[in-house]
Each structure stands twice: as C-alpha cells, then as structure tokens.
Amino acid sequence: MAATPVARRLPDVIAYFRTMAVFVAGWWALSRWTSNPALLPSPFAVVDAIVELVADGEIFMHAGISLGRMLISLGIAALLAIPLGLAMGLRRTLDDVVDPVVELLRPISGIAWIPLALFLFGIGNVLPVFIMTYAAFFPILLGTIAGVRSVDRRFIDVARTMGVARRTIVTRVVVPAALPALLVAVRLGVASSWTAVVAAELIGAPSGVGYAVEWYRELLMTPQVMAFIATIGVLGYLSDRVLRTLAQRFTPWATKLEGVR
Amino acid sequence: MRSVVLPLTLLVVWEAWGTASGNRRTPTPTRVIGAAIDLVMSGDMIEAIATSLARVFAGFAIAALIAIPLGLAMGAFRSIERNVDPLVESFRPIAAIAILPLAILWLGTGTPAAILIVAYAAFFPIVIHTIAGAKLVDPTLLRVAATMGLGRLNTVRTVIVPGALPSIGVGLRIGMGVAWTAIVAAELAVGAKAGGGGSGGIGQMMFVFYAYSIELNRIVACMIAVGLVALALDRALRAALRYAMPWNAQ
Amino acid sequence: MTPVKLRLDNVVKRFGGSGGAQTTAVEDLTLDVAAGEFLVIVGPSGCGKTTVLNLLAGLELPTTGTVALDGRTIRGPGPERGVMFQDYGLFPWHTVRGNVEFGLRHGPAGASLDVAARKRRVQSTIELVGLAGAENKYPHQLSGGMRQRVALARLVANEPDVLLMDEPLAALDAQTRIILQEELLRIWGQDRPAAERRTVVFITHAIDEAVFLADRVAVMTTNPGRLKAVIDVPLDRPRNDATRAHHEFQALGQHIWSLIRNEAYRATVT
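So the protein lines, in turn, are chains Y, A and W.
At position 233 of the first sequence the residue is numbered 233 (the numbering used here), and the sequence of numbers has no breaks.
At position 115 of the second sequence the residue is numbered 115 (the numbering used here), and the sequence of numbers has no breaks.
At position 133 of the third sequence the residue is numbered 133 (the numbering used here), and the sequence of numbers has no breaks.
Treat the hints as calculated values from the structure; they're not laboratory data.
From a predicted model like this one, the values you see are computed outputs, not experimental measurements.
Ideal Cβ placement from N, Cα and C applies to all residues, glycine included.
Wrong hints could be hidden among the right ones.
[To be verified] Each pair of labels, with its calculated beta carbon distance range:
#1 A:L107 to Y:P11: 34 to 40 angstroms
#2 A:D44 to Y:W253: 51 to 57 angstroms
#3 A:V12 to W:E159: 54 to 60 angstroms
#4 Y:A165 to A:R78: 49 to 55 angstroms
#5 A:P7 to Y:A146: 19 to 25 angstroms
[Claimed, not checked] Here chain Y is said to cover these stretches of chain W; the calculated rule only asks that three of the stretch's residues, wherever they fall, bring their Cβ under 8 angstroms from a Cβ of chain Y:
#6 86 to 93
#7 107 to 121
#8 137 to 148
[Stated by the list, open to error] Some but not every residue of chain Y turned toward chain A, in silico, with C-beta under 7 angstroms:
#9 A15
#10 Y16
#11 M20
#12 V101
#13 I111
#14 A112
#15 I114
#16 T195
#17 V198
#18 A199
#19 L202
#20 E214
#21 V225
#22 I229
#23 I232
#24 Y237
Using the sequences and the accompanying hints, generate a full structural model.
Following this line, the structure appears as structure tokens:
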C-alpha cells in the first residue's frame, strides 16, 4: 500500500476517525446506561488506566516479556521449520516420510498441549515459549514447503541450461524464488504464536500481557483488563506491520493481493 | 509403506522409553489407548466432545450469519467497507482468548461465554475471506452483467456471490479450525480459573485430569481426540463445500 | 559443405507411465541443423515443437533415437546450448545486470573469466541488446520488450554454440514483435559473414515470423508430432521491411500455411 497518493486515501482516513469516534461514543453511552464500572467501564476510565500503566512502566514490562517470548519462539520455530521445509519441499522422499507425523500433530493445536506442558514444565517461562514455538512451527513449515514447491519450474530450467550445479541452484535460485512465500509463512507463524501467547500466559505464566489480563480480571479492575487487551491488539498489529515492511524491503517484486491481508 | 515408517518408529520408541521409566503414570501408546477406551466406554469422552461441538456449531453459525452478509456488503460497496473496516481491523489482532476474561465477566463461566468466544474467533477469518472473495471477482464478469442491464443489487446476487464462494469456503474452513481451537482454549482457561468446576467440554476435562487426578494418559488421550475432531470437522466441511460448488477445482 | 551442428536421428518421445496412459509427443523425427544456420520450427498447437526444443536443450531425453551436438550424444542441459524460454524466466530478485551476469557467475560458462573480464562482457552484452542505462532496473519495472532483451542478453552472455528459442516473442504485441525480430537478426549477426553466426533453432507458430527469420523452415504436424516438410527460405540477408513486401515472402508463407491449415482448423473444434 506504499504508493497510494494521499488524496485518494483521505476518505479512508476520515472514515477511520469517524467510525472510531462513533464506536467510542456508543461505548460511553452504554457504560453510562449500565453504570457498573466493573462490568463496563467508560472509555475515559480505560484511557486513565492506560496512562497510569504507561507511567509506571507496567505495560512496557509485560509487553516486553511477551514480545521477548514471541521472538524466542519464532527464532526456534524458524530455525527448525525452514530448513526442514526446504528439504521436504525439494526431496519428495523426505516429504513422504516426515509428512505423516506432521499431519498427525498439526490438528492438535498448541493450546491442547497446555495441560501436558503444565505437568512437564510447570508455571514459568518455559511453558509459554514451548507452546508458542509449537504454534508457530506448523504454519512456517507448511508455508515453506508450499513456497519451495511453487517455485516456477522455469527458473530451475534456466539455471540448468546454464550448467549451474545443483547445490548452487538450490541456494541461488530456489531460495530467492521462494523467499516471498517464506516471509508470508513467517507472518502466519507470528500470528499463530501471538494467539497462543495469550492462552499460554493466562494459564501458565507469572508474567506477560496474558497474565496481566487475568490478574486484573480477578481483581475486577476492568479498565486495566481492557488496557491490556488493547495492548495485545496493538502489539499483534505492529508485529505484522513490521514483517510486511520487511517483506516489502527484501522482496519488492512480489505483488501483494490487496484483498486477503 | 514409507509413509508409516516414521510414525511407527516414533510410537515404538515412545512405548519403550515410557515402559522403561518404571513410573506407572508415564504415558505410553498402550496406556493412552487404554485410557481412551476407558473414557469412551464411560461416556465421559463422548459427552465432553458433544458439549464442545455444540458450542462450536452454535458460535460458528452465529459468526457465519453475521460475517458473510457483512463481508459481501463490504466487498461490493466501498463506502460500507470504508466505514466498517476500522473496527474489523482494530479487533482482528486481538485473539479470542484475550477477550475471554471480559466474556466471563459479562456472561459467567458457562456456555454463553463459550459461544461468544467461538463466534468472535470465527468471525474474522470468515469476514476477511468473504471481503476478498467479493473484491476479487473478475471485473470482466461484472462488466458483462452491467452490459446486460443488471442493477447493482442484482449483480451482487447473481455474479458476486457465486464468484466469491470459493474464497468464502476457505474462510469457513479456517474459521472452523479457529473456532475449535478457541473452544478448547476457552474451556481450558475456564477450567483453570473456575477451579475445575462447571463448564464441561473437552478443554475443561483435560484440565481436570491435570489438576486433580494427574492422569497423563487421559490428557494425551484427550489431546488426540482434539486432533481427530479437528480433522473430522475439516473433512466434513470440505465435503460440504465440494457439494455446494461442483464447478470449483479446489 | 557446412558441418552439421545438431542432429536428431529417428527420435521418438513418449510421456506418461507404462501401461495405457502414454502420449507420443513426437515420432520419426530426423532433422539436421547446419552450423550457423537459423532454423525455425512451425506447426499448429500441440505438435511437439516445444518437445523438440527440450530434447535439443537436454531438458528431456528421447525415448528412442539420438540427439547429438557436434556428433556427441546430448545427455543433459548445458551452457553451450543456451535456451530462451517463452515467458523469459527472468529472476525477479536480480537486476538486469544481475540476470545477465547469472550464468557467468554461477555456471561453467564464466569459469575462465576473472571478475573484471566478466563485468566487461556483461556490460558489452547489455549494450549489444540495446539496454544500456537500464542495468540497475528490476524485471518488474521493465516493459515486455525490454524483458525480452534481457532474456536474450542473459543467453548471449554465456556465448553458447547454439541458441534455442521457444516462442520468445509470443507474449509481445504485434508492433513490438516486428521490431524485436529485426533486433534478433542483428544480434545474431545477419549483417556479418555467415561463418561468424551462431546456430539458432527457433520455435514459433507465426508463419510470417518464421519466413522472415529463417534460413530453413521445418513444418511439423500434430498428433503425433512429425516432421512434414523442410522448406528453404532463399530470401536475401539482411532482412528488413522490404523483405516483407517481396512476393517470394508471400508465396513461401502461403505454401507453409497450406501445409498446416487443416490441422489448425481442427484444433479449434476438438
């Protein structure tokens, strides 16, 4: 969306603020009508809560912890899934052997592992990272395999007719050609693992945004609950944005569909 | 032959390692199967899955009934999209499970909250893919309709809806997967916080086996059940979609 | 007597597994290509033209029969038989220069060049095809005609013995095609003495293009693919707009069309 001229985007920007204003106004009215601050706080109470949490740094502390866990999980998942995916995409035989295990494990979502993981790791830092790594692993693996398989056969033929060695074809043709799809796979992995972070922290961690949401719910401090929910949303959105910008920077030739984002 | 080598090897290794550890509670394939049989025979497993599925179907249906018409409207009419999209895009990054504490606050720890979470979770993939499907209808087809004198609404009904169906189908499949994951997560979380009582469903059952009876074999049996149900739901939905769209190559 | 560069001898190529589902792409194919010749293969869709090219490139091996370069059987692809593909196959992650340089950098064709020599050759090839100034652009920033030139440059930079081209101009509009046909002949060396020209095997379904470019035209039929006739094109070189107006040009075109016409009709109704 980089090059759309400002003039064309102006109606969208106006509509954005208008819609959000209507939403906040409606929320405020509803909160006045129910007048139960524990049930539905007014938007202003939530803003106050956010300001307070930012001021004492609590938001940044929890956000930092959750983001840190996500980065670690993503790193581990990518380090495992991308090479495996490249190998499986290139070698049919390896794919035939490994795929059944992948297909058996994949439907068991990361979240279903939480009880077992609680028993194995207890409440702490390891559990969220384990769950998040597991959650990110499958989208990245499957996306990488698909990306490798979708490399246009012609690129490989071109390199073959130039006498390029097979290993060089993999590194210099297949990987660059599959790069756009790989980055999409990583984005999906991030989304998947960020969803898992909340569940994992809510149940099994002593810190992080998921934990904070639950902590404040038990205290019936709903403005703070909403503040952290909003933080979860903002962080999820920003992570995706960062990755999209990186993709645009490193693979400028890959045209993105305007539709499915 | 090749396709069963690795799973079988892993199962054998797991069985050996588990039995060798000496501890009767360590899960092994045989013990897990035993636990699974126990659960099915006692009816607990069936009941738990049925409870969870009922919630999933209810939530999924609500999500689809709202998301599909909304998505079509947004995809077909730019002005609607412009006005609704800010809300959709603002809430999309907030996972359903993050909303759970609010849902519990408003609706308690029972089925209504569960259905809300499922509906919220399934809503986004369905609406996103419906919008994309409506937008990506071949513009030439729209021009054909215009040159035949069809009005805007008629065009939506006869060209955009069928054209968007494949994408809607993808959204429904993803939505179903997300819905199932969401219900398991929600039931787990409620089970954890409500002290193992009251909500029913397979997620809650899994938590009980962790917290109260440390029945690891039963936990693993439930995990497998979760996976199997996910597969079954996807297959069933795919078959239904194939029936609804015989012209589609997917 | 010009030596034979490429020889197809009684080649048969079948696809599909053993048992019922085999298709015969080409059959009874015997054809010699002389060194320095510009040979064009025409035929209706599905007549196996691309299969012939793939066999010459070594991307496919014949089911029976032999395919040979300079008398030696071809066993696989290689830079001495450079290929230009129908959709260019330009690497989107490389600039023009990166694309042209690719075969020299990563393949045997550039093994004997040091970095400086390689850069010089890349630059002179880019200038040869008329793209000086566009070296740092990416394929997605180029027009169809420009991409065509890049694909040609990438091919020529490896200095292959033989150039194999699979409908390279098919994706271009008619006007650009005419310009690039002349450019192609210029780069091939139609202004130079015959001994300095490289061997070209060129595939097209456009008959006027075939007659304009070729020294000889091989006409194939379909189902299964067979060589129907090989026709000499004794028009003078260098070829240009005047050639197209020549009555001999028209006559040759008509003759070739008469050989293909029925099959072309059938292709639109089956």
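Hint check results:
no., hint, in the structure
1, A:L107 to Y:P11: 34 to 40 angstroms, "holds, 38 angstroms"
2, A:D44 to Y:W253: 51 to 57 angstroms, "holds, 55 angstroms"
3, A:V12 to W:E159: 54 to 60 angstroms, "holds, 58 angstroms"
4, Y:A165 to A:R78: 49 to 55 angstroms, "holds, 52 angstroms"
5, A:P7 to Y:A146: 19 to 25 angstroms, "holds, 22 angstroms"
6, 86 to 93, "holds (count 5)"
7, 107 to 121, "holds (count 3)"
8, 137 to 148, "holds (count 3)"
9, A15, "holds, 4 angstroms"
10, Y16, "holds, 4 angstroms"
11, M20, "holds, 6 angstroms"
12, V101, "holds, 5 angstroms"
13, I111, "holds, 4 angstroms"
14, A112, "holds, 5 angstroms"
15, I114, "holds, 6 angstroms"
16, T195, "holds, 4 angstroms"
17, V198, "holds, 5 angstroms"
18, A199, "holds, 5 angstroms"
19, L202, "holds, 6 angstroms"
20, E214, "holds, 6 angstroms"
21, V225, "holds, 6 angstroms"
22, I229, "holds, 5 angstroms"
23, I232, "holds, 5 angstroms"
24, Y237, "holds, 4 angstroms"
Violated hints are absent here; each numbered hint is respected by the structure.
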